[in-house]
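J.: One letter stands for each residue in the lines below.
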Amino acid sequence: VNGSLEDRLRTGLREEATAVELPARFVATAVADVQLRRRRRQVRAVTAAIATVAVVGAGGLALGTRADDGPQPRPIDDPAPATTDAPSPPPTLDPSHVQRIRGDQTAWDALPWHETALPRALPTDVGSAPALSQDPIDHALALIGGTAASVGVVGDDGRLRRLDGVALERTLDPAGYRSSPVTQGSLAPNGGVAAFAQPDAVVVVDLTTGSSQRFDVPGHNTRVVWSPDLRQILIGREGGPSSLLGLDDGSVDAVPYDAYSSLPRW
Amino acid sequence: VVRDDAAFTEFVATRSVSLLRTAYLLTGDGHLAEDLLQTALIRACPLWGGVREPRAAESQVRTAMVRTLINWRKRHAWSRERAAADPPEIAAPAGGDDVDSRVRLWPSVLTLPPRQRAVIVLRYYEDLTESQTAEILGCSIGAINSHNARALRTLRARLDATADLRRLS
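So the protein lines, in turn, are chains F and R.
Under my numbering, the first residue of the first sequence carries the number 1385, and numbering increases by one thereafter.
Under my numbering, the first residue of the second sequence carries the number 11, and numbering increases by one thereafter.
One thing to keep in mind: the hints can contain errors.
Unchecked claim - Examples of chain F residues toward chain R, derived with CB under 7 angstroms: (1) 1392; (2) 1401; (3) 1583.
For the record, the hints were derived by calculation from the structure and aren't laboratory data.
Keep in mind it's a predicted model, so treat the numbers as computed, not measured.
Where is the CB? At the ideal position from N, CA and C, for every residue including glycine.
All chains, full assembly: derive it from the sequences and hints.
T.: Structure follows, in structure tokens:
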């Protein structure tokens, strides 16, 4: 009996595996990504070497000044040489102020609680939540990225809904990584609308009605943030220029700097 | 570096299908499988300069995939979410007297904990020995045997339960 189960595993796994095909872009993307990372490592190594030289140079300067008679006036733009005083003692924590929490729930429940509009624990099971179209909200307190591209919406009653009626996919970055379309900047400050970065598009959803609008925005869009007046969305992509989407007319303008790193992530 | 790049490209081009299939069996999701393989290639890449033997490189990438997967599962609660969201398919095609062989094992394999699933994939798909499997997971042969036994017990129990259900209906 044991033998037959193992044989069936061999056959079954092989059948599942042979159905998997390699996506056409995979090899090129994987190689490019590894090369990019190798270049970054090389840049870091060069930077570290320059930093070492700089410190050595400063040390030599310090020795040189000390050899002269008496203190010398130092030019304003000349940085002070690195000092090699005794190391300062490591920072310490007063253990009486530190409460150690073990994994059990009672210890967590005993912690002081700051009341906010958010429920004590955010529901995260997007898959089993009711559809937003069946259970509308006034405004959202939070968006939750679910498995794959599913999106959870926490209403002002603290309950979770599943965003439905909108076709969303996971974002795709130039290295081929896919992520949830929910990022920190997705939910507008008023909680009424949400924006989702998509490959070659940005999708804007009115969370109170469920209606959505798709804007063509070419590129590996991965991050978004709303303008305070909710009329524009700044869109970032790794390694590429950022753009500004005007919601009144769907215009897409290049931003003259790379805003990616300063955009809210995840 | 140029020679390394060419060798690396060659390696990725020739071995990715096989590695991606293993990744799919480990994750049960096409996109996650690609992410897993990509991550493993990057992890194995610093060692690439020192590796001239494609077989050794492949085994390094495979090891990186298994260990990355186990770390992902530790960090992300979605492994539990997923197990709950995709229960094993109880409904097998009706008819026929050979009940057991008609019930698919794969959905049950998907619900195994990551280490047990990794052992099942390495032992029965990759056909690795116990000691090769132990090396990849970084644990003892005894631990591999215990993961293996538990996984088989679970799979057998699921099969029996399914067969019972079918008999009842």
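J.: Does each hint hold? Answer for all of them.
T.: Results for each hint:
Annotation: interface hint on residue 1392 of chain F holds; nearest CB of chain R at approximately 6 angstroms, less than 7 angstroms. Look at residue 1401 of chain F: its Cβ gets to within about 4 angstroms of chain R, closer than 7 angstroms, so that hint holds up. Interface restraint check for residue 1583 of chain F: the shortest CB-CB distance to chain R comes to about 13 angstroms, outside 7 angstroms, so the restraint is violated.
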